[in-house]
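Number of protein chains: 2
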Amino acid sequence: MSNTRINAQLAFLTEVDKLKSVVRGTTLCDGSRKENSGEHSWHIALYALVMAEHANRPVNIDRVIKMLLIHDIVEIDAGDNPIHGNHDPVEMARIEEKAADRIFGLLPEDQRKAFRTLWEEFEAAETDDAIFAKSIDRVQPVVSNLATDGGSWPEYNVTAEQLQTRVGVKVQKGAPAIWEALKARIDRWFAEHTTAS
Amino acid sequence: MSNTRINAQLAFLTEVDKLKSVVRGTTLCDGSRKENSGEHSWHIALYALVMAEHANRPVNIDRVIKMLLIHDIVEIDAGDNPIHGNHDPVEMARIEEKAADRIFGLLPEDQRKAFRTLWEEFEAAETDDAIFAKSIDRVQPVVSNLATDGGSWPEYNVTAEQLQTRVGVKVQKGAPAIWEALKARIDRWFAEHTTAS
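First to last, the protein sequences are chains A and B. Counting from 1, position 83 in the first sequence corresponds to residue 83 in the UniProt record's numbering; the numbering is continuous, with no gaps. Counting from 1, position 85 in the second sequence corresponds to residue 85 in the UniProt record's numbering; the numbering is continuous, with no gaps.
A hint or two may mislead.
One copy or two, it doesn't matter: identical chains are merged, so the pair holds either way.
[What the hints assert, rightly or not] Below 27 Å or equal to it, Euclidean Cα-Cα: the simulated BS3-like pairs (lysine-lysine) are: (1) LYS18 - LYS183; (2) LYS18 - LYS98; (3) LYS18 - LYS34.
Because the hints were derived from the structure by calculation, they are not lab data.
Just chain A, with the same shape it has in the complex (with noise of 0.2 Å):
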């Protein structure tokens, strides 16, 4: 084995250490501080290994993992984008392309090309694996807001409205069951927060 390939990797591991800096909008579940896209990208990889039975369709769990632990490392260049803040989706695609260039352009060819295509494969959200690795990303927010009466919702304007087009739907379409189980918690928390217009 060569230390050249060696070192090609230790120098894409040492890169994205830099995903534990990224910080993104919603908070741990005890509100502490605001959440690193490196221990979410943890959480979610155990969210996923947990709730694989409630697949809407039969997912390959152990390539839904991998997806997870590399689906945001775009963000060291590209940064955190909150579901509920407002962006370009165009520009975001582009400057996201450009990061996954730079940094999975560390690897060593083959392996590059295998991570390029799984976190391609997650973006475009067309297959079973990629469509459940979705709403798990998306469904570990709520419960972290749900834990913190709201966590970031109040921050971002979000009505009940909101969360069901951007965060309800993609749930339901990979992991129905879940957002059932959440559905009565949320309805309360919007309830008790929403005040009549």
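Please build the complex by placing chain B on the supplied structure of chain A, with the hints as guidance.
Okay, now just chain B, sitting in the frame of chain A:
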């Protein structure tokens, strides 16, 4: 699917969020702060994925990744015990067993058993999968320390001999090529920071 089952799974996934608040001995690769065990778990799962080809014996990388995703969960109750720190291993094992009882006990019975068994396999470090997983767990802090001019080594008064005995031997057991590739950098650092006594 009963909500009872999903609620148990969500209770577990919410509880393990606390792993993001368990602070480790090593810092991030930019030295900006100490790493937590949640983001560390993500990082080494990715390390394993990238470095699988360097395993000394054939491993099932999907099992290794699962093992690494759950390997530190007991630290929520037991805390992190730096490899170069001093603690009573028998007492620590007792505390970690109790933590495993409590935390994995939040899961539905079939998953409690599966996760507990996988964690015990990791701890025993006897199977090829567990030996490789342990190697990866040990090598990541070394890379971080090298990236930050020795990182936590001065704090723990680590000598070259101690690093070889407590870390090197274990990395070599599961992934000798990785240790080989790091050896020159490690030797250089200790040569520059060790004064003749």
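Now the hints, each set against the structure:
no.	hint	in the structure
1	LYS18 - LYS183	between (35 Å within a copy, 24 Å between copies)
2	LYS18 - LYS98	within (17 Å within a copy, 34 Å between copies)
3	LYS18 - LYS34	both (16 Å within a copy, 13 Å between copies)
Figure legend: structure checked against the earlier numbered hints; every hint is met.
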